[in-house]
Each structure stands twice: as C-alpha cells, then as structure tokens.
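Could you build all of it, start to finish, from the sequences and the hints given here?
Line by line, the protein sequences give chains A and U. Residue numbering for the first sequence is 1 to 748, as defined by the numbering used here. Residue numbering for the second sequence is 1 to 403, as defined by the numbering used here.
Hints in this document: simulated from the structure, not taken from any laboratory. Some hints could be false.
[To be verified] Simulated coverage check for chain A against chain U, where a stretch passes if three residues somewhere in it have a Cβ under 8 Å from a Cβ of chain U: (1) 33 to 46; (2) 57 to 63; (3) 467 to 477.
Glycine included, every Cβ here is placed at the ideal spot set by N, Cα and C.
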Amino acid sequence: MAFHWSMHQLTEYFAAISASSDEETAIKVAVERAVEALDAEVGAARLDAQGQWRGAIGLATQLPASVLEPVLQGASSVELPELGTVYACGADLGSAIDGCLFVARMSEQLSAEERQMLQGMAQVLGLALRNLGALAVERSLREDHEREAAHRLELLEAVRAQQLLLETLLAIQRAISQREPLHSVLEAVTSGASNLLGQAGIALVLADPTEPANLIMAGSFHWPTTATGAALAAAARAMAAGEIVECPTTDSPEGALHAVPVHVSGSVGGSLVAVQPAATDADDGQASMLVAFAQQISMALTDARTVEAMREAYRDPLTGLPNRALFLERLQRSLSDPGSDPVVVLFIDLDRFKAVNDSLGHRAGDELLTEVAGRIRTTLRASYLAARLGGDEFAVLLDGQSTETACQVAERIAARVAEPFLIAARTVYIGASIGVASRTAGCTAVELLSNADLAMYRAKKTASGRAVVFKPAMHTDAVAQLDFQADLKTAFGARQFRLNYQPIVALETGALYGVEALLRWEHPIRGQVSPVDFVPVAEEIGLISDIGRWVLREALTELAVLRSSAPDLTVSVNLSPREVTDHDFVEKVEEALAAAALPGCALTVELTETALLTDPALALRHLSSLKELGVRIALDDFGTGYSSLSHLRQFPVDQLKVDRTFVADVCESSEDRAVVQAVIDLARALSLEVVAEGIEGSRQQGELIGMGCALGQGYHLCRPVRSADCRRLVNERAIPRSARIDAMVATQ
Amino acid sequence: MTVDRADVTTDVASCWMGPGYSADDNALTAGRRAAEQAVDGRVALLLLVFAPPSYDLEKLLDGVRSCASDGTVIAGCTSMGGVVAGQPDSPTRGVVVVALGGPGLQVRARAGRNVSARRREAGAEAAATVGGLTAPSRICLLLCDGLVGEQHEVVRGAYGVLGATVPMVGGCAGDDLTYTRTHQFLGDRAGVEILTDTVVGIGLGSAVGFGVGIAHGWRKVGEPAVVTSSSGGRLFQFDGRPALDAYLDWIGADRSLLDDRNEFRIRAFGSPLGMSRRTGEDIRVVHDGDLSDGSLLCLADVPQGALAWLMEPDDEALVEAAAASCAQAIENLDGAQARGLLLFNCGVRKVMLGRAGMQREVEAVVKAGGDVPFGGFFTYGEIARTRGARGMHHLTVVTLALA
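Laid out in structure tokens, this is it:
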C-alpha cells in the first residue's frame, strides 16, 4: 500500500489546528504547517474581510498584497522581493469563510497532490476560523454575560443591603407591634443600625418626653463607655441642626461621630449617633444608610405606644417623678462630667409609711406618696432632680452643691414631710429618714446611691430626725452588719441560742407566779449578744419565725420539767410582730404545746402593741385561735408604742406588762407614777393582770404594791437565770396559784 | 551579548579554518593547546570550542582566550565528543577548537537566553545577529542547549527572523549522555560566559558563500503506525495503543527492558522513529519510556496524526552519510573551493557506530573532503535549513562548508 505523505501531513495539520484557541494562533499554525509540509519557504493567509496578509513567514519584508492575484488567476509562479521568482499556490478557505492560504516555494513547482493538500489545509483552516469566530462571539457574549453578571452582583449587593435594611426595620416594627418591652425595641433599633453599618458603635439619644431639654441615652450597641458625653454632644448638635452632622475625630478618641436627628411625633425627638473606629472611614454610603435608618426609626418611635413606654420607662407613674432608671442615668451622666462637681445625693426613706399604708389601705398610701412627692418637689430648686426610687423611697440629685447645703435641703425636706397630711379624711403623721452622700473619686451612680442609702439607714436607726452624712465607716458597718447576719444564720444551727428565765413573782409575797423565757445568743467570739441587737436583725433576715418556733418548744419543754415542782407554773414567751401574722403561727403554738404535753393555759404569749397593728385582722384571728387553745395573751411594753384603747377591747388580752421606763422612776416622777397608776386601774377595770417590769429596788416594789400592782419582775426580785438555776429556784419557792390569787385580793 | 568583527576585503581566498584538539588533563592546558593548534599563529575571527562537560570549563576557556586576539569571538558548547581529523578515535575526553578567520569573513554573535521558557523568542534573538552582517552571503550558525526539548520551536523562531534567504546550520549541545546539563559559551578575549538554557547564534558573512549538507543513512522498516495521541515529544499512543508497548513490540522487547535505562536507551538509539515527509523522513530519537502512562519520550516533537515508522541503521549507510553530507556541503559551494568543514554529527550515530565505525566515518569524511580541514562535535540534535522552513534534524550529519 502506498502511503501518501500528504494525507498523513494533513492529519497532523488538522490536529495542530484543532488545538488552536484563537484566530491568530490558528492562522499562524496553519501557515507554518503548510509551509513545512510542502517544503515551501514562504506562506501567509488572508481573510478577505480585512485584506491583509496574516501569519506571513519566510520574508524579511512584507508580503505584497498584490502577489496573490496572479496566483488566483492560475499563475504557478510569482515574483517575490528578496527571493525572485518562486512557485506559488493559493487555496480558498472554503465556503465557511472568505479568504485564502498562500504558499511559495523556491525549489520546484507544486504538484497536483501538493495543491490538493494545500486545498485541504485551507479548508480546514476555514472551518477552524469559522468555529473560532463562533467561539469568539460566544466568548464576547460570555464576557458580556460576565459583565452583566458583575453588574447583577452589584445590584444584588445593593438589593441585599436594601433587604437587610428592610429586615432590620421589620424586626423593629415587630418588636413594637408585639408590645415587647421598651428595652427590646430600643435594642432592636441600636443593634440593627450597628449591623447595617458594619458593627459600628451606635447610640440612640432621646429627649425626655416630659423634660425635652434633658437628653437620655436611651439605648446603645457596641458603644464605647467613654464616649457617652461625646454622644450626647453630637446628638444635641444634630438635633439643633436638623440634619446629619459629623463630629471630627478630636471630639472623640474612639473615632469620628456621625449623628442624625430622629423625629418623634413630627418633632425632633432625639438622635441616632454612630461612631466609626478611628482606623476606618465612614463613607457616603454609610452616611446615607444612617440617614435612611434614622428616618425609618423616627416612624417607629413615633408609635404612641413607644412614646408611652418611653414615658413609663423613665417616669414613676404614681408621682410623675423620674424613676430609678432615669435618676441613675442622670446621676451617672453628672458623675461622668468633670465640670459637674461636687455631686451630692439624698436618699429619703419615709418613716411609718407602712403603718399608714396598712391601716388606711393602699389607696391612701398612694395618695400619701403623691403628697410626699409634691412636698419634696416644691422644696427643691428646679435644677435639682427628685425621683421616686420605689416603695417609700425617694432620691434627690444636687449638682454642684456642697454637702452642707445638701444637709440643709435634706432637713427642709424632712421638716416638710413631718408636717401632718390629710389622707382619706384623716390626719396622718409620718417622718423621713434621709441619708446624704457626695461623690468620691471613681464612684459610680449605683455606688453613690448605695452610700446615701447606708447613711439613710443610719439615720433611721438613730431616729434623730437629722440627715446623716455618709461616712466610709458606714461601709464597714454595713459589712459588719452582713457579717452579723451571717453569724446569726449560723447561730441557730450551731446551737448558740439558749433561754434564760426570769421569774415573775407576786410583789407582796414574793411567791413565784411564772417565768418569762428570755432568748440569749452566745457567740464564741462576739460573746453574749443582746436580743435588742439581734432580734431586729433576725426579723430583717426572716429568721425570727424559726427562732420563735424554737423558743416556744424550748420554753414549753422546760416548763414541763418545772411543773414537776410547780404544777401551776406558766411560762411567758415573747413573740415578734412578724410571728403573729405568720400563716402557721397558731399551728406552731399548738405543736409546741402538744410536744410538751401542756395545756394552753401554761403558756402566755407576750406581744407589743405595735405587733397588733401590722395586720390587725389577722392578728385578731390568730390570737382568738390561741385563746381557744387556752393560751394567755400579754401586752408587753405597755404604754410605749402606738396604742389604741379600742384594741384592748377588741383583742383577747389577758395581761398588761408595764414598761420598765415607767417603773424606773415611779418613785421620783409623778408623771410616771400617774401613768403606771392609770395602767393598773385600766387593767383592773378590764379584769386584766398587771405585771410591772424592771423592778430594781425595794422602794419601787413597795410603791407598786401600794398602787395595787400584784405582779412584777426585775433584777431586784430575780435576775434572769439559766434553766438549771431556774429549776432549783422553782423547787425552793413554788406556791399554789390559788394562794397567789388570794394574796392579790388581800392587797386590794 | 553581541560580538562584532566585520572586516570585508575583496580577497576571496582569505577565509581560513583551522581545527585543534587536546586531551590534556589540565583544562587550562587543554584549552590553550587546542586553540593554539587551531589558530596556528593566525588571527582568528571566531574560535569555536566543543568540550566535554567533565572539564573545568572556566579554566578551559581561559586557555582558549589566551590564543584569542582583540575582536575574536569565542563561542561553543559542551558535547558528547569532538569531531576532528587526525583523531580517528574521537575520544570523549578532549576539547576540539575550530578557528575561523580571514579577511573575507564576517562574524557576529549573540545569545538568546532562557530558551526553555521562550523558544521562539530566544531563537529569534540569536538569529538576529545576522542582521549586522553586510557580506553578500550570510548564514546563521546556532548552538542550542540540547536538553530544552522542542528545539524545532527555536528553529522556527530563528526562521521568523532569518527568512528564506539566510540558511541555518548548527547543533544542540550535549553532556556526554548524562542528560544533566549542557553549557553554551559566548565571549571574547576579555571573558567568556558559560551559559545554559541558551541558544548562541553566530552570524557568518562571506563574499563567496556557504554550503550545507544533510544526510543520515537510516531507513524505515516494517509497517507504520499513526500517532493517535501525543504532546510535544511525548507519544502517548500509536494506533490507540500505549506507545511504549507498541514500540517495544516493534523492537522485540518488553517492559523489563526499562529496568536498565541505559540498556533501553542504547536499544532505542538503534530504533528511532521516522515520520513521513515530502522528502524523506523526519527522524526522531527515542530516549526514554514512562512506565506509569505507557508513553514514549523523544528528543523532539512527534506531531499527533503523524505516520511513523521504525527506522533501522545500516552501518555502511551511516558511515556513508557523513561522507555524503560533506560532499553535499562542498557541492553547494557552487564551485568555490572549500576552506573548511564544520560537522554537526548526531551523538546517537556515535553510539551506533562505535569506535570502529567512527574511525571509518572519519576516514570517509577525509575521503570526501580531501585535505579540507574539518572539525565539529557530536550533538544532541542537528540544525540545518537551506530550503523549506524546517530545520531541526536528528540522527543526521550536518556539514557546513566554508569557502
């Protein structure tokens, strides 16, 4: 089989052309391969559309454009520069594309086979160029598409940004429409803005609805704590300008601030402030975003509910005064402002408010608080800020005033509050305990208010009616108080409590009538702690009920032992006002009696008059229940507290105990003697027993006997003793009850 | 670097060529002696140095420079042996220096660097040295790095500059079949650069003309196969089969032959591939096989779609080819007296011919050339273009005759 080299070369040629990726390469490869295959020296291609030779090789000079014409008309040789006469051949690129492939050879004429091969090569080139042309169009289209895609991407980014804005605004609207708490709404606003602005720090400053001149930092997100002043200043500028303002970097070390006014109900009501970190620049796009966002949230904030919520968030609904949140915010702002010095706070706590509230009802209590708020407000200058912190607590912020001035203000307030109030058609008297505290270096608003609170607490304890200025030692005291409370809590479980017993005796005969159980606390380090000190604390920390339960059980258990020697002996147990109103108070007493296997008449519970006032109805119910058990009821410290004689009629009282303060000077003071006599007479009239407390001398004893007081207790008669000593005492001095009554009658 | 020495006179007989050789162990001595022999007291315009890579090339060239005159162009390359008269053994070791001179000769030289990354551009740069010649006859002598592969692209680049009017000759530098690195030299008396990945173009101008001869002596055997898949010099498939396996079948071997690469190479040298061309065959040297993908590696491109035959040597034809090449070159002087012959002899032929065959080849060259001095080197590829556009050859003897 003869192998035609031309066929083989054509195959190689086709493979080489097919690998070309663009028109220029295809032409160059085609010319080269055609020239090499035909052992020609010169070659070129021409696309008639352009009329230029392309891919020409073999000549140092340019191939003349006219050289092809004779060849196309059948000439087999042409004249070429440099080479002279050469044998040439041209072939059309086919119907696919106009053009031709041209070669010229120096040595010999192209044979028919060679011309045929050249024709095949030309047609392959034509096909390749047509395909590449289509590819180029496609590529161009693809590039167009890619440009379009890039443009679409830009649009998509813009849409996404728009979408993000929309979603953020929808989230805010949802928060409002779902009546989420104000702080949630404001957080949606500030966090949304921060997110849209690339996590920039955002502050939302709003004017106080009731005092528009005051600006409040209503919300923030990623906001640097040191830039609060700058935010408020920028907000004020934006609100005054009515348009976006940019505060230069020097105004804020954190970076440049941009502030946009926010409108509420059509008026400028605040500002949205953004801070860009110093390392970044806020571009126009972000400024536009900030403006757009501010416009949107203006509508959100104008929502009436939001406005109302704002009002509620910062105002006390009862008195209209700023509430704790606003007070602390304003206080913190003052503390952050170095120009605002000194900064003094008054902490006002009403005395005896609870009694009024409980006796006259909550509506009266509200009326009273409103009246108090009015008196405080009118006592103050406009520049001072009064607030209701909650309950019966108020505070006043005095910017730029000395402590002395603050004390004067405090005492004026205390004097005004001490004046009678007409509440629910009644004249009511209350008081105010006021603590004064001034700024110290580095203290926060919470700390300053806490200091004033401690001072107030001291004022309340001393009950001097004077304002008390905070001293650092009060912290120590507060800490000591906390330690005391902690010790008290552990005392109960550590069995540090014990009961002493003080005999109650017939004054005339000295016969033992009963014993009063007195609680004692022996701390391993503190030593013996007086009930005067720890009982109030026990009441404060809610330990008194457990202590009371223990005292009852312990006392009744001891009585059971004592009754082996003195079967009619009774024990008196002191109850705190808190215990009387415990829901399980009666049950507690009943259990204790049952545990000791004693009848109710073995127990006398001692209450102060004040205990009956906490919840008179409940107290009456409980005491009546005790009476049904046979338990006896004594009013302790009679004559010292808030008394209503009708209570004596109302409550099932069996015994009155004359307070020691009256007994102490019964011999020297005619007034005290008159009081004691009155009590004795009252008791007799109501068929009540009378016990005089605090008898410390025989003269007192004699005087009391002459006045008709049958029973008494005191150091003169017998000190409080431990249970062992008490048992011995009882063994030695026990007398039957019937004899005691006879003795009483005999003295009258 | 461009080195120029253009003195043209009307003395047409004033072109001379002198070969020199030294196998001294001392590189400096070897270079100096070979150059002294070549120059023989004359002022050379061109000193061509063909040296084995085992020499200290710097010292060797220092020795050559000691015999150069002001304006002498020093060029050359490493090889797999020199070709020179009087040394029938043509030992691998030994430097051959060919000196050219005479008032009828013009010499310019230039390097095209970084060939492997820019073959066409480097070829064009090297060939551009011819542009400075004013003599009526010009030829471009190319010495190209033999390991860059696809040297035909270098030749195409050179042709793009030279065009149909300027012939090309030359060879590819070798490295004694270590396939590690070849070097090319270009410089003058002041200093010679030792380059790699370079093609040195030496433009020769003469009033008389040059003659080029090309011959190889291989013949095709058996049935051909179509190269159905290839890329450059890597053949993937013959007729859809893994090229390596098809080739091994052709030569009656199997894959175990590749256990010893040297053995494979020697066998492959004797069984090159020839591609069907208009005039004869384009021969490709097979130098390695890749077991991982069954491909065959050739020193030059084997176009996809080519029809390839196995070629076999005929010892006599191989020897005769050298003589034929020389005779052709002399004939192409168109009657002018040959003053020297420069031979670019494929190194594979050396391996095939062996010592005895090489001796006979030298004798044949002597016989063909008469007393015309000759020199040259064994190459990794030959360059010759006198007609057409192709210029890369393998397993060929290319001869340049100077008049």
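Hints, verified against the model:
| no. | hint | result |
| --- | --- | --- |
| 1 | 33 to 46 | holds (count 9) |
| 2 | 57 to 63 | holds (count 4) |
| 3 | 467 to 477 | violated (count 0) |
Going down the numbered hints, you'll see the structure goes against just number 3.
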